[in-house]
Amino acid sequence: MTSVRGTVVMATERCKGCDLCIPACPPRVLEMSSETNTLGFHFPILHDGCTGCAACADVCPDFVFEVWRYG
Amino acid sequence: MSTRTLMQGSEAIADAAIAVGCRFFAGYPMLPFTELLEHMSRKLPAAGGVCINADTEIEAVNMALGAAATGARAATGSCGQGIALMQEAIAEAALNELPLVVFNMARGQQDYFQATRGGGWGDYRTITFAPKDVPEAVEHTQRLFHLADLHRAPVMMLGDYVIAHTHVGVSPAALDLGPVPPKEWALDGSMGGTGRARQIWTWDRGKPNTPGVGPDQHWKDVAAKFAAIEPTEARWEERLVEDAEVVVVSWGTTATVVDYVVDELRADGVPVGSFRPVTLWPFPGEALADATRGARRILVYELNAGQMIDDVRIHAEDRSAIRFIGGVSQDQTGMRQGDLLDAGVLRARVLEAVKEG
Amino acid sequence: MTEMRLMAPAIPKLLQSPDHELCPGCGHPVAWRQVLEVVDELGIADRTVIVVGHGCYTQMMIRSDLDSLQCLHGRGPAVATGVKRMLPDAVVITLSGDGDMVSEGLAEVLHTAARGERITSLLFNNGVFGDTGGHMTASTVVGQRTKTSLAGRDVEEHGYPIDVSRLVADVDGSAYVARGAVNTAGMAARTKRMVRRALELQMARAGFTFVEVLTMCPTGWFVPTAGGPEYLEESMIATYGIGEHKTPPD
Chain A
32 MTSVRGTVVM
42 ATERCKGCDL
52 CIPACPPRVL
62 EMSSETNTLG
72 FHFPILHDGC
82 TGCAACADVC
92 PDFVFEVWRY
102 G
Chain B
16 MSTRTLMQGS
26 EAIADAAIAV
36 GCRFFAGYPM
46 LPFTELLEHM
56 SRKLPAAGGV
66 CINADTEIEA
76 VNMALGAAAT
86 GARAATGSCG
96 QGIALMQEAI
106 AEAALNELPL
116 VVFNMARGQQ
126 DYFQATRGGG
136 WGDYRTITFA
146 PKDVPEAVEH
156 TQRLFHLADL
166 HRAPVMMLGD
176 YVIAHTHVGV
186 SPAALDLGPV
196 PPKEWALDGS
206 MGGTGRARQI
216 WTWDRGKPNT
226 PGVGPDQHWK
236 DVAAKFAAIE
246 PTEARWEERL
256 VEDAEVVVVS
266 WGTTATVVDY
276 VVDELRADGV
286 PVGSFRPVTL
296 WPFPGEALAD
306 ATRGARRILV
316 YELNAGQMID
326 DVRIHAEDRS
336 AIRFIGGVSQ
346 DQTGMRQGDL
356 LDAGVLRARV
366 LEAVKEG
Chain C
546 MTEMRLMAPA
556 IPKLLQSPDH
566 ELCPGCGHPV
576 AWRQVLEVVD
586 ELGIADRTVI
596 VVGHGCYTQM
606 MIRSDLDSLQ
616 CLHGRGPAVA
626 TGVKRMLPDA
636 VVITLSGDGD
646 MVSEGLAEVL
656 HTAARGERIT
666 SLLFNNGVFG
676 DTGGHMTAST
686 VVGQRTKTSL
696 AGRDVEEHGY
706 PIDVSRLVAD
716 VDGSAYVARG
726 AVNTAGMAAR
736 TKRMVRRALE
746 LQMARAGFTF
756 VEVLTMCPTG
766 WFVPTAGGPE
776 YLEESMIATY
786 GIGEHKTPPD
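In order, the protein sequence lines correspond to chains A, B and C.
Remember, my numbering sits 31 above the position in the first sequence when you count from 1.
Remember, my numbering sits 15 above the position in the second sequence when you count from 1.
Remember, my numbering sits 545 above the position in the third sequence when you count from 1.
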């Protein structure tokens with residue numbers, strides 16, 4: 032069981048599907064969804080194992096990620 | 016009796032600018048503007064201001080824009096050939112409503128179109144004063160800083176070599192020009208982080224929390240502003256026009272030769288008068304029409320191929336009365352007026368027009 | 546009850562709105578986020594004036610909660626000179642793209658650096674005129690396809706790109722010159738430290754400070770959106786390098 036040290040709240044409606052967060056996430060817990068938002072873009076979904084490092088927020092051009100850490 | 020100090024026109028202008036609060040000046044040396052930059056360089060720091068010898072005219076005027084954006088009284092200048100490089104920035108100041116005073120110490124009179132029509136982009140006009148001598152230039156300097164702040168616009172003095180270099184006894188009297196609106200639009204950083212940060216932008220779309228009207232409405236508003244200025248800021252001088260059969264129209268220092276010749280001819284009983292726009296824009300068209308209505312001949316005397324004459328044609332009621340008696344005329348240095356600026360030459364041309372039945 | 550700590554808000558405090566119109570994968574907002582965070586962390590938002598040129602990054606200016614002045618294309622450092630001379634205690638930052646600074650405004654940045662003006666100039670360099678649709682600038686790297694170098698920039702026909710950081714570092718009035726990038730989170734963090742150092746040195750009146758940030762423009766580069774970061778590394782970082790090119794003596 033991967034320890035969950037953090038989480039993200041994502042404003043998926045403004046995601047433009049650039050995919051930059053996917054390889055930027057060190058534990059690789061982001062994956063682009065098969066669904067699309069109202070802009071027509073795929074957006075990220077979060078799997079277990081987020082460390083709350085905020086790398087996704089640092090690379091996202093569209094200010095999608097709000098990043099939290101537990102404890 | 017007030018004390019008068021003998022000083023070069025450029026120095027008198029510099030003193031007047033500093034006296035009304037100019038605290039930023041930038042320029043690039045170019046004759047006959049150079050002395051104004053020299054005097055500012057020497058005197059402005061002691062008055063708590065900044066004078067920069069910029070590396071290009073484009074940088075000079077853009078530095079002045081930056082200073083103006085903070086609310087400071089800022090100025091720049093050159094001669095017409097250098098003002099040519101500043102056209103974009105002058106238009107920018109008109110469209111983003113920054114007060115800026117521009118001194119064109121010109122090489123002759125071939126810059127009328129440049130000053131009054133402007134070479135920048137957009138629907139803007141430039142309030143332009145053309146002093147006839149150093150005392151007027153001192154008065155105009157004070158008015159220009161006031162008008163720039165009052166109307167939030169770039170304004171220009173169209174001076175010249177004669178004004179820049181002639182030593183005259185000057186007693187700068189401070190004009191009471193009234194208040195100017197507070198510069199609430201000026202940038203100093205203080206609104207950053209408040210949610211209502213300021214922005215100066217020719218498109219005026221504003222920021223999300225403080226939306227602007229957008230480029231279409233903003234540019235309409237700016238054009239309307241200049242249309243509202245036009246009937247209120249025109250200045251002119253007319254002499255002996257009431258019974259004049261011939262009226263000579265001229266501007267700038269050229270008008271002093273016209274004054275001399277008109278007085279000479281009047282002493283000989285020749286019914287001649289003169290009209291001089293003091294502001295080239297707004298051009299005092301109504302006053303010109305009134306002053307020339309009774310004249311048989313309207314003689315335009317300017318040292319170029321015919322520039323102000325276009326405005327005379329627009330406003331004079333009887334266009335068939337207009338004759339051009341000027342012409343391009345530079346001396347061999349290319350810096351100043353040539354042989355056409357001569358009382359004898361002018362007198363002969365006026366008499367020729369008088370003789371035409 | 547588990548405690549939770551906010552590590553990063555979605556929208557930086559100094560950004561009034563995240564709803565910009567920039568392309569997917571654009572590097573400019575990534576870079577600007579770092580800048581806004583530094584300004585906020587340094588506590589200088591209420592004495593900062595930004596002077597912004599013309600390019601896609603204008604979209605960041607018009608959404609930022611900082612006193613802003615748009616200048617003419619390329620003229621930012623000159624305009625900022627006038628601002629800073631009148632407001633010596635303000636923090637004055639110019640923002641340009643490579644088209645604005647390396648093409649149009651090369652004289653301005655070099656003269657301003659030479660005068661040692663105490664401003665910070667930021668260059669968001671994506672090696673292309675993005676705002677006009679993807680055209681060659683003085684920064685476009687050899688081999689880069691643009692609409693005005695369709696077969697790729699060729700030195701015989703188009704000449705060589707200009708490394709403006711090198712020129713600025715060469716001028717005695719510049720106190721700090723650094724180049725970062727935003728193709729990875731690590732690079733973005735490194736860039737943020739460069740911006741912080743530049744602003745601190747401005748406030749210490751050390752001289753002209755300059756941070757160039759290599760940003761992605763997949764649209765202008767004709768590469769897929771997700772390929773921007775890798776392409777940036779292979780083309781621009783390979784040409785220009787990353788690092789602090791000039792630092793003040795200790």
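There could be a bad hint or two in this list.
[What the hints assert, rightly or not] Quick list of the computed label-pair ranges, beta carbon to beta carbon:
1. A696(C) <-> P54(A): 53 to 61 Å
2. T677(C) <-> T225(B): 57 to 65 Å
3. I782(C) <-> A320(B): 54 to 62 Å
4. I782(C) <-> E66(A): 49 to 57 Å
5. T677(C) <-> G63(B): 20 to 28 Å
6. P223(B) <-> T677(C): 21 to 29 Å
7. K558(C) <-> G229(B): 23 to 31 Å
8. Q102(B) <-> T677(C): 20 to 28 Å
9. N224(B) <-> I782(C): 36 to 44 Å
10. T677(C) <-> S186(B): 19 to 27 Å
11. P223(B) <-> E586(C): 19 to 27 Å
[Stated by the list, open to error] Result set (SDA-like, lysine to any residue): computed pairs, CA atoms no more than 20 Å apart in a straight line:
12. K558(C) <-> S65(A)
13. K558(C) <-> V360(B)
14. K558(C) <-> M45(B)
Honestly, the hints are just simulated from the structure, not real lab data.
Just so we're clear, the structure is a prediction, and the values are computed from it rather than from any experiment.
Cβ atoms here follow ideal geometry from the backbone N, Cα and C, with glycine treated the same way.
Which hints from the list above does the structure break, by number from lowest to highest? 1, 2, 4, 5, 10, 12, 13, 14
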